[in-house]
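Trainee: The primary structure of each chain is shown beneath.
Protein chains: 2
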Amino acid sequence: MARRAIAAFSFSIIVLSILALQSSSSQTPRPFSSRGAPKFLGRFSTSKPHHSNDRRSKQLLGYRYETRYFQQRLDHFSFAELPTFNQRYLISSEHWSGPDRLGPIFLYCGNEGDIEWFAANSGFVWEIAPSFGAMVVFPEHRYYGESTPFGSREEAYKDAASLSYLTAEQALADFAVLITNLKQNLSAESCPVVLFGGSYGGMLAAWMRLKYPHIAIGALASSAPILQFEDIVPPETFYDIVSSDFKRESTSCFNTIKASWNALISEGQKENGLSKLTRMFRLCRELKNTEELANWLDSAYSFLAMVDYPYPSEFLMPLPGYPIREVCRKIDGCPDGTSILERVFEGVSVYYNYTGEVDCFELGDDPHGMDGWNWQACTEMVMPMSSSPDASMFPTYDFNFSAFQEECWTDFKVIPRPRWITTQFGGKDIMTTLKTFGSNIIFSNGFLDPWSGYSVIQNLSDSLVALNTQEGAHHIDLRAATAQDPDWLVEQRAIEIKLIKKWLSDYYQAKGAIVLSKVETGDRATSL
Amino acid sequence: MARRAIAAFSFSIIVLSILALQSSSSQTPRPFSSRGAPKFLGRFSTSKPHHSNDRRSKQLLGYRYETRYFQQRLDHFSFAELPTFNQRYLISSEHWSGPDRLGPIFLYCGNEGDIEWFAANSGFVWEIAPSFGAMVVFPEHRYYGESTPFGSREEAYKDAASLSYLTAEQALADFAVLITNLKQNLSAESCPVVLFGGSYGGMLAAWMRLKYPHIAIGALASSAPILQFEDIVPPETFYDIVSSDFKRESTSCFNTIKASWNALISEGQKENGLSKLTRMFRLCRELKNTEELANWLDSAYSFLAMVDYPYPSEFLMPLPGYPIREVCRKIDGCPDGTSILERVFEGVSVYYNYTGEVDCFELGDDPHGMDGWNWQACTEMVMPMSSSPDASMFPTYDFNFSAFQEECWTDFKVIPRPRWITTQFGGKDIMTTLKTFGSNIIFSNGFLDPWSGYSVIQNLSDSLVALNTQEGAHHIDLRAATAQDPDWLVEQRAIEIKLIKKWLSDYYQAKGAIVLSKVETGDRATSL
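Top to bottom, those sequences are chains A and B. My numbering puts the last residue of the first sequence at 528; the count rises by one with no breaks. My numbering puts the last residue of the second sequence at 528; the count rises by one with no breaks.
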């Protein structure tokens, strides 16, 4: 039986195409979706990804842990009578030096998917834990993986009422309650917690350090686009960076892709055009419109930019090192006379079919489905995305909040709150705000990663630091070390380890000083 | 018609007596209420206090402001479909230097009562605003005063379901949303906000600075017992300090009061004892048991300690300067042969009837009523209080969480979450936690104030500072200046003003630097 490739899924944050394909007869943009916010198709919340099922188990075999469950309130911020749910978490105490030695606890802030998948792809945390004598905990984000309220995924995702507690604040409170309880049960109240997270998980890690400094002494927030709200950073940034990643490999490649969208529409409008496209792109099912094909292409380019790692990887798909280089080599390397669309097909085949095992391609499910990230994007995680006319190789599109809001209403019967995240977590004028506030956060970013444009890439203070790499892609630093790691990556991780060590030694020093001062003075003031 | 004094009410945080009167035949404590948490009887959420109605208007006449209303979500942390409510706020732009000059905004974090009452008793904020060119905003706390959800106080306080959104986190979010919206409407996004608050309002101010540093640049948290949770500070602290306030005036006064509880029980157990007590204490209605009388006495002593101001005041009741001195003078000064209970009555008459206008005393309403603070104390604000056998002049009592929980269930059908506040806001090991985290909070305390024992009275860092006065009582620094202000109070306020000026100048400097760096570099990094 033929293997099928599934399109556009399995990433920590996934872009829903906001392509605005212009019809040849009109200049009015026709976006596939007016939602500019990055979208996650939530696939690993329902089932394990097709392609990596076996590898996942194999990868995880290296990291020994127990799977446990913790009963959580559905709403931490009210006293409404609501059912509780079981939050899954993975835990390993194998290398923990224990409470007496104030052994640290490494907590990965689970993001929008199955926690085992994030655990498998965050080798850095597992690999450095032994030398720190650290416990490792990977709690799952509510509403994803096995951590669904109301007894089943179906019930949890039924409607706006059942989904209404799927928010970042509730997820952070889950982590806070879980770790507090865990530490108490282990008499480990004084053990310092260090946070880790990538992508949305990195946003959670940074926010958690800011909101719960009494629970975690520091956070490594890798590729965390905490500034992609309202108008803090221009919404074109994402597609501009994706496009620049292609352009740096080849201007003709960039130009071919930029020209392909109109070619696609033209082809689709011809008699039997859709059938021809179905055959040209080796689709498993007859194409209904060009939009879904454009989405599929957009996803490939966007993901390629995110995983433009310097060595072969299998995070989303099995891919060669610097896969964009390979895509452009294919696009540029076609014989003269090859059409734009045929070139583009050759290019994306690197992404969707690098192993050459795919017989036909599925374009993926309805992106408007009731998936977790779609809900989050339609409520508080309103992260605008546009596509600029010049720097971008994607069709021009301006984020339109009204249209976005309408779509959210259609899909979920919910009204987005685009200003809530900045009210709750800040972001605007972050340089002034955090200059003398907060400490111990590393914002790590690779400039090939399109999300880097929305993250913190300047030091905010002495200990709120930006750690940038020119050649890095989406949270590459969190991945397991490989023999092919370039020097800059080895160095980046070494700095991260050094900073984490500093946080810990500062903590131990402060603890020691307090204990000493208690012994010395013994007055009520020291009960602080 | 005779004027009646109403017992035990009208304070920002009020203690529900936790007296454990021991019967003469048994050593088992019989607490009036096993709730050790401080209680607020919520009187000013329903009606204006009897005694100060006229004065309130007069006091407020001096401060000109507009009253406005802002539509708030009932639950900021979920997307459940719930009715909105109107939050009342008082606002004065009279002295504001405006958005162009980045005029500051002084925001008082409204606590558990009618906001007009807090505005009237926070003269410091009004008085210093003009010299800062500051706008003044006093938003009301949800569920109090006029800011009740569900259309009426009756509906809002109906049951646990309707009350479930009365929490500190929701109140902070109200403030955050309101001020963000207000600033946007005034194009004043860059204007710095400085927080003020006393008692529970001081807790909110401190927490708000920690949780919303992007919204407020600093906070003056006056008499804010943020450490009265779990076992951070011994629960006996409150009554120990009240008792010490009496002892420092007169040991015999302290001893008389300490002996009075058993005398009260003995008298009540005699034939016609309750009738005799009714007459002796000039009660308007026949006494049903000695417990309610003991509560009435406990309240008087506790409030006296809170308002043991060095000059005559009328915050709760019209009182002379250093009222405890006056109470003890009465207790000690009775002719030989005066019984303990008669002495005690003479003493508390200073509190309940200083003007001599009261014909008979009402012991007050049912403390188990559906009042806002009672709800908060039964849900998240679980602030244990005990009474020690030696240092306290009150009957010995050990806080009993099980009994407390049962009472809460009886009253509200709600289960308290005693560990939630420390999970959400911290408090444990605050010295280590905040040593390198956060900035710009003044914790001001007077050591006569029994709440000072649960506040921060040591500097946590360079800019998280404790400002203590030996002779100060409950948030005296927030009160309007008077001609009789002692030097230490004048000095305390001067330091506060100096610190606030420093926060502002640091902010303006940082803003200036950012603007400059944007102009100089002009790269995408500066879009931070």
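Just to be clear, a hint being listed does not mean it is correct.
Each computed PhoX-like pair below joins lysine-lysine, with the alpha-carbon atoms no more than 25 Å apart [said to hold, decoys possible]:
| no. | chain 1 | residue 1 | chain 2 | residue 2 |
| --- | --- | --- | --- | --- |
| 1 | B | 270 | A | 435 |
| 2 | B | 270 | B | 258 |
| 3 | A | 288 | A | 270 |
| 4 | B | 428 | A | 501 |
| 5 | B | 502 | A | 502 |
| 6 | B | 413 | B | 428 |
| 7 | B | 413 | A | 435 |
| 8 | B | 258 | A | 435 |
| 9 | A | 183 | A | 247 |
| 10 | A | 183 | B | 428 |
| 11 | B | 428 | B | 158 |
| 12 | A | 435 | B | 183 |
| 13 | A | 183 | A | 435 |
Worth flagging that the hints you see were computed from the coordinates, not collected in a lab.
Trainee: Against this structure, judge whether each hint is valid.
Mentor: Each hint tested on the structure:
1. B:270 - A:435: 69 Å, violated
2. B:270 - B:258: 20 Å, holds
3. A:288 - A:270: Answer holds: residue 288 of chain A to residue 270 of chain A is near 13 Å, not above 25 Å.
4. B:428 - A:501: Holds, at about 23 Å.
5. B:502 - A:502: Distance of about 30 Å is beyond 25 Å: violated.
6. B:413 - B:428: Violated, because 29 Å separates the two Cα atoms, which is more than 25 Å.
7. B:413 - A:435: This hinted pair is violated, its Cα atoms lying about 45 Å apart.
8. B:258 - A:435: Measuring from Cα to Cα gives roughly 53 Å; hence the hint is violated.
9. A:183 - A:247: Status violated; Cα separation ~50 Å.
10. A:183 - B:428: 13 Å, holds
11. B:428 - B:158: 35 Å, violated
12. A:435 - B:183: Distance ~22 Å between residue 435 of chain A and residue 183 of chain B Cα, so the pair holds.
13. A:183 - A:435: 31 Å, violated
The earlier numbered hints that this structure contradicts are 1, 5, 6, 7, 8, 9, 11 and 13.
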